[in-house]
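Trainee: Required output: the full structure, derived from the provided sequences and hints.
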Amino acid sequence: MVTALLDARRARQIAGQVPDPELPMLTLADLGVLRDVELTGDGTVVASLTPTYSGCPAMAEMRADVAARLRAAGYERVEIRTVLSPPWTTDWITEPGRRKLAEHGIAPPGPAPRGPVPLQLSATRRAVPCPRCGSRDTGETSRFAATSCKSLWRCHTCREPFEHVKEI
Amino acid sequence: MSDDHVYLTLAEGHEDDTRWAYGTGFEDPLHGVDTAVPEGVDVRELARVCVALADDALVSAQRLAEWTTRAPELEEEVALANIGLDLLGQARLLYSRAGQVDGTGRDEDAYAYVRDADDFRNVRLAELPNGDFAFSIVRLLVLSSWRLAHFARLVDHPDPVLAAIAAKGVKELTYHRQYAADWSVRLGDGTEESHRRMRKALELVGPYVGELFTAYDVRDEVVDVLRQVTEAAGLPMPVYRPLPGAGRAGDHTEHLAPLLAELQSVARALPEATW
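Respectively, the protein sequence lines represent chains F and X.
According to the working numbering, the first sequence is numbered sequentially starting from 1.
According to the working numbering, the second sequence is numbered sequentially starting from 1.
You may find that some hints are simply not true.
Chain X regions said to be covered by chain F (calculated; three or more residues, Cβ under 8 Å) [to be verified]:
#1 36-50
#2 84-90
#3 112-120
#4 174-180
#5 220-232
In short, the hints are calculated from the structure, not lab data.
Just so it is clear, the structure is predicted and the values come from calculations on it, not from any experiment.
Just so it is clear, CB atoms sit at the ideal spot from N, CA and C, and this is done for glycine as well.
Mentor: Below you can see the structure in the form of structure tokens.
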């Protein structure tokens, strides 16, 4: 029993260390897409992942990477499950994950909205602090960036462009 | 990239499966999801809803992708492509769900690549050509407002898979609608020329809006959003009157077949191809 627990914990660590294919400074555990890793009675490791966005092209990559790492670590039977509900939220990005994003020049998300988000037609929106110089004098240049999960910003103080992980 | 040959580099570390490059090796997007259908759910109706919503999304995604290399600015191109990608993801999940419950066992590709225009159930607004940027924005505003309102209701659907797809989609569609609303206000309240084009776009979209309101009862929510945006933009509300026929019944404009011909060309020319 103790061995099984240790084994489950080890499997969780191995799966959790897989880097995200698009934000490689983050592990799947940092990103919060690894929902659960458990060991069944017959020794199968069942890892549950949740997609960030419906169209995220990295999902198949993540599944394959987790399975490959677990197999390489000696787990012969690996099953990857997809969890759609509850949907992923940026609130699941861990504190170390947020720190790593900022260190790489990507502004981490603020708290995700709860419930329906009404249309916002006035110009006043929350300012995202610049991850490089900390200035709050920033502006959004595009709601969408290189990936669906980020938006493009510009810092008016240090004049650097930066990306921001959008709250969802 | 250590190797001389880019394809060899891409193939590294993928010895045990068929994926030779990042982003390939598509598999069932519902892989590993509990797909049991609860008792009492009308599976034919569930499949019908899934296909209609998937067709709207697939056709919209194709139109949005057509803006790539043609958008006014790089940022908008990236935005439109990202919105299309979200919709494509929703379509994949919905087609997979339809195939599981309609008794045919079809996969997502069977719905996307081997059906003719008559078999598609998207609303006609989705298939109209892109026109200018104003038209595409107004169309996106209408479609994303309707889809968001409808998905917000589907969150409570008795089928847990459809409910979960909807819950995820709500978050994405909120960004799509906001993007379209921002541009609508900017263009409507912009220059004389941008205002003129937005008026024209609203006139063109008008007749196709009614079709959205026949299928599901989210009319009031959508009208409310359109009123807020047009007021802020200094634009008139679109005049929606029903057109004869219905995209949901397989009646389409002459624009859908060429769109599908392009979308399906590789799959039809090479039926044995895998990706």
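Trainee: Evaluate each hint against the coordinates.
Mentor: Cross-check of the supplied hints:
Counting residues of the stretch 36-50 of chain X whose C-beta lies closer than 8 Å to any C-beta of chain F gives 0; at least three are required, and the coverage claim is violated. Counting residues of the stretch 84-90 of chain X whose CB lies closer than 8 Å to any CB of chain F gives 6, so the stated coverage by that chain holds, three being the minimum. Under the rule that three or more residues need a Cβ within less than 8 Å of chain F, the assignment of the stretch 112-120 of chain X is violated, with 0 such residues. Judged by the Cβ-Cβ criterion of 8 Å, the stretch 174-180 of chain X is covered by chain F as claimed, because 5 of its residues qualify and three suffice.
As drawn, the stretch 220-232 of chain X meets chain F at 4 residues by the rule of a beta-carbon pair under 8 Å; at three or more, the given contact holds.
This entry does not satisfy hints 1 and 3, going by the numbered hints stated previously.
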